[in-house]
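Model the full assembly from the supplied sequences, consistent with the hints where possible.
Numbering (this note's numbering), first residue to last: -16 to 270.
The hints are simulated quantities; they were obtained by calculation from the structure and are not laboratory data. Be aware that a few hints might be false.
[As the list claims (entries may be wrong)] Under the rule of at most 30 Å between Cα atoms (straight-line distance), these lysine-lysine pairs were calculated in the BS3-like manner:
#1 203 x 89
#2 165 x 241
#3 165 x 203
#4 127 x 177
#5 203 x 177
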Amino acid sequence: MNLYKDKDTIAAGRRHTVGLKSDGMVTAVGDNKYGQCDVSGWCDVVAVAAGNVHMATNTGNAHTIGLKSDGTVVAVGWNKHGQCDVNDWRDIIVVAAGWRRTIGLKSDGTVVAVGRNNEGECNVSGWHGILAVAAGDWHTIGLKLDGTVTAVGNNRYQQCNVSGWRDIVAIAAGYLHTVGLKSDGTVVAVGRNKEGECDVGGWHGIVTIAAGSYHTIGLKSDGTVAAVGWNEHGQCHVSGWRDIVAVAVGCAHTLGLKSDGTVVAVGDNEYGQCDVSGWRGIQLPDN
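Okay, structure coming up:
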């Protein structure tokens, strides 16, 4: 069994974008105020994650996480809350990055977390039998082996009300909403819905999901992409995309990885976070 199959090879923060190349090296574009794009020396990486922050927060703090083939983790960027203190992590198979924190899933199904915990979003030490993790701004989601979902952290908009979900195969977390992909290709969502980010009830044939601050993306089995939610920066303008094999979502921009290893992007580009047209050789998610 390949423990690293389907890990994230593209990632989006609020103001930066990260790509994992097929040779295990990493590239990044966008805001680098805190060194979150200083990944050129990384090697043997099998997955990447990028810390995000919702648009209402004017600070650009962010961090970038890399999961290495030996199960260790590297991190760069803003570290005020210790979200980059992952040097002692071992046996990690999945990483996720939220606002000011980092989540790691271990091969035994347990979960570790570092960083901001004001809302209890890092209270995952009791989790077991976890298959996947996702990090919103203030809440953390875990997908269990039996297809159920658990959650900790801020629940102001009921974004943690997932205890009734069943038959889930993938999860995503935005600023204040949570999304679940079911085995039949339909999608469920709970939480804040002021911009329609939870209006996924009509989706079918979905194979991958991603959540931004106020928008939600679904990759369909035919390589096309669906989007709902906030679109002020054009981050939902994905209807023309074809041949997509993976998606990633930042605060207000959306990424699509094509089957030829190139990347497309739409949305907010104030810091050059969508300047990925020259990228080549990005690792496909099933490599």
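For each hint, the structure was consulted:
no.	hint	result
1	203 x 89	29 Å, holds
2	165 x 241	23 Å, holds
3	165 x 203	13 Å, holds
4	127 x 177	29 Å, holds
5	203 x 177	24 Å, holds
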